[in-house]
Amino acid sequence: MIEVINLKKRFGEKEVLKGVNLTIEDGEDIAILGKSGEGKSVFLKHIIGLLKPDEGSVLVDGIDITKLSKRELYQIRRSFSYVFQGAALFDSLTVFENIALPLRERAFSEREIKDRVKEALSLVDLDGIEELYPAALSGGMKKRVGLARAIVSKPRYLLYDEPTTGLDVITAWRINKLIKKINKMEGTTGILVTHDIRGALYTSDKIALLSDGVIVEIIESSRYKEAKTEKLREFLEAGGFLD
Amino acid sequence: MLKYLYLAARGTGQAFILLWDSILSLRELRKIKRPFVEQLEFFGTRSLFLVALASSFVGMVSSVQTAYQIKDYAPLDLLGMGVAKVVMMELGPVITALIVAGRVGAGMAAELGTMRITEQIDALETLGIDSIRHLILPRLLAGIIMMPLLVVLADFVSIMSSAIVSALYLDIPFSTFFSGIRMYFYPIDLFGGLLKSVAFGFLIAFVSSSFGYYAKEGAKGVGIATTQAVMYSSLFVLMADYILGVILYG
Numbered sequence: 001m002i003e004v005i006n007l008k009k010r011f012g013e014k015e016v017l018k019g020v021n022l023t024i025e026d027g028e029d030i031a032i033l034g035k036s037g038e039g040k041s042v043f044l045k046h047i048i049g050l051l052k053p054d055e056g057s058v059l060v061d062g063i064d065i066t067k068l069s070k071r072e073l074y075q076i077r078r079s080f081s082y083v084f085q086g087a088a089l090f091d092s093l094t095v096f097e098n099i100a101l102p103l104r105e106r107a108f109s110e111r112e113i114k115d116r117v118k119e120a121l122s123l124v125d126l127d128g129i130e131e132l133y134p135a136a137l138s139g140g141m142k143k144r145v146g147l148a149r150a151i152v153s154k155p156r157y158l159l160y161d162e163p164t165t166g167l168d169v170i171t172a173w174r175i176n177k178l179i180k181k182i183n184k185m186e187g188t189t190g191i192l193v194t195h196d197i198r199g200a201l202y203t204s205d206k207i208a209l210l211s212d213g214v215i216v217e218i219i220e221s222s223r224y225k226e227a228k229t230e231k232l233r234e235f236l237e238a239g240g241f242l243d
Numbered sequence: 244m245l246k247y248l249y250l251a252a253r254g255t256g257q258a259f260i261l262l263w264d265s266i267l268s269l270r271e272l273r274k275i276k277r278p279f280v281e282q283l284e285f286f287g288t289r290s291l292f293l294v295a296l297a298s299s300f301v302g303m304v305s306s307v308q309t310a311y312q313i314k315d316y317a318p319l320d321l322l323g324m325g326v327a328k329v330v331m332m333e334l335g336p337v338i339t340a341l342i343v344a345g346r347v348g349a350g351m352a353a354e355l356g357t358m359r360i361t362e363q364i365d366a367l368e369t370l371g372i373d374s375i376r377h378l379i380l381p382r383l384l385a386g387i388i389m390m391p392l393l394v395v396l397a398d399f400v401s402i403m404s405s406a407i408v409s410a411l412y413l414d415i416p417f418s419t420f421f422s423g424i425r426m427y428f429y430p431i432d433l434f435g436g437l438l439k440s441v442a443f444g445f446l447i448a449f450v451s452s453s454f455g456y457y458a459k460e461g462a463k464g465v466g467i468a469t470t471q472a473v474m475y476s477s478l479f480v481l482m483a484d485y486i487l488g489v490i491l492y493g
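As given, the protein sequences belong to chains D and E, one line each in that order. With the numbering used here, the residue at position 131 of the first sequence is 131, and numbering never jumps. With the numbering used here, the residue at position 173 of the second sequence is 416, and numbering never jumps.
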């Protein structure tokens, strides 16, 4: 379980997070919605400890990760995977090596690495591209390789940072379908940060709106029509889900 | 003014944290085999031709200028000794370091800076991989190991090219040139230069990696990091050269 308690973060004069509170149960899939520049990615980076908050806590299975040493944090991160907006593939490594990297770090056997990489690539419908370098891939393929790298270590928590941004509608929808497929895998908790309302409703059990530095509303995706706050209703209207 | 002092203090602090974390990550040395081999190749093997070419000209010009300076008050038989000493103690390590600072330092800063702005460094961290161990430590070790080897090459090529020019244009036979070197050779001349090169290799790798690792603000930031890496690496090499020169030969 992940509990975010009164999370605050400021960059210079700009206070991005003003006291975010959120609890994500094991096995739950939640989408954090918000406009560009509202601090969605900043929030996600706090959950995996890439950023340290000015105030507040992030509890992962009861452990406050904001107080951990670097070594302890690396151990916690083994339960996580992070899908980056721009895929963040390593340019100097082939697709196979990119996906194999987390497994090599954990001293898996070469045989097991080969099998797992093949399985992950097959799951994202990219069989046979193991020897290509990221520069030879399209934007959509890069994102799918990023997804394969994220799932290869079979993490408990999967964090997606705007995975469909910059893609055409067909490719974006394909990515959303993959995310839904991955989220339904046993024991996986998914946290998706996006401004794609359609993708959020399709992939996640719940949606939450981050606005003005706080979570203003959380609602089950299937009951989105019952949204109470004006801000979330406006978001749903803009996506064509409310009249 | 205060802003620049603050930025300089922050940059220095970040660099020393990077160094300390690199030292701590030495305990996981076995995990960096592949990036270490890649950096040995990048730092050393790919610098061979440039270092050899530059050193040949250093040797040639050293012959001509030393001959010009000593011809009125010393026998030209001592030319080999003069060139060898200046090459081993000063020109070999310093010229090689400045060439490597330009080639390797810029490359390191640009590569790490690009990895920073495209979130590849964050990606390593999210995968539970210590980015300093994976990216910085191999570069520091490669710098410390490859620089003395490059300097040995530079010394050899410089002295040989000097001998050839001396034979062709100054009528000093090889035997005379090399007997002068043998007669006045002190091991400290060579080993002092090699010791300097270890320090230069470390400085170039450390300064360049540091600028690249902490690059920010997109492509412009990578450009700034690359320029600063070359500029400060070269400057620190010259400063270290003076300090080590005083300690070793002063």
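Treat the hints as calculated values from the structure; they're not laboratory data. Possibly wrong hints are sitting among the right ones.
[Claimed, not checked] Here are the simulated DSSO-like cross-link-like pairs (lysine-lysine), alpha carbons at most 27 Å apart as the crow flies:
| no. | chain 1 | residue 1 | chain 2 | residue 2 |
| --- | --- | --- | --- | --- |
| 1 | E | 274 | D | 114 |
| 2 | D | 180 | D | 8 |
| 3 | D | 52 | E | 276 |
| 4 | D | 154 | D | 180 |
| 5 | D | 14 | E | 276 |
| 6 | D | 114 | D | 67 |
| 7 | D | 142 | E | 246 |
| 8 | D | 114 | D | 52 |
| 9 | E | 463 | D | 52 |
Consistency of the hints with the structure:
no., hint, result
1, 274(E) x 114(D), "holds (19 Å)"
2, 180(D) x 8(D), "violated (30 Å)"
3, 52(D) x 276(E), "violated (31 Å)"
4, 154(D) x 180(D), "holds (15 Å)"
5, 14(D) x 276(E), "violated (43 Å)"
6, 114(D) x 67(D), "violated (36 Å)"
7, 142(D) x 246(E), "violated (40 Å)"
8, 114(D) x 52(D), "violated (36 Å)"
9, 463(E) x 52(D), "holds (26 Å)"
Checked against the numbered hints given earlier, this structure breaks hints 2, 3, 5, 6, 7 and 8; the rest are met.
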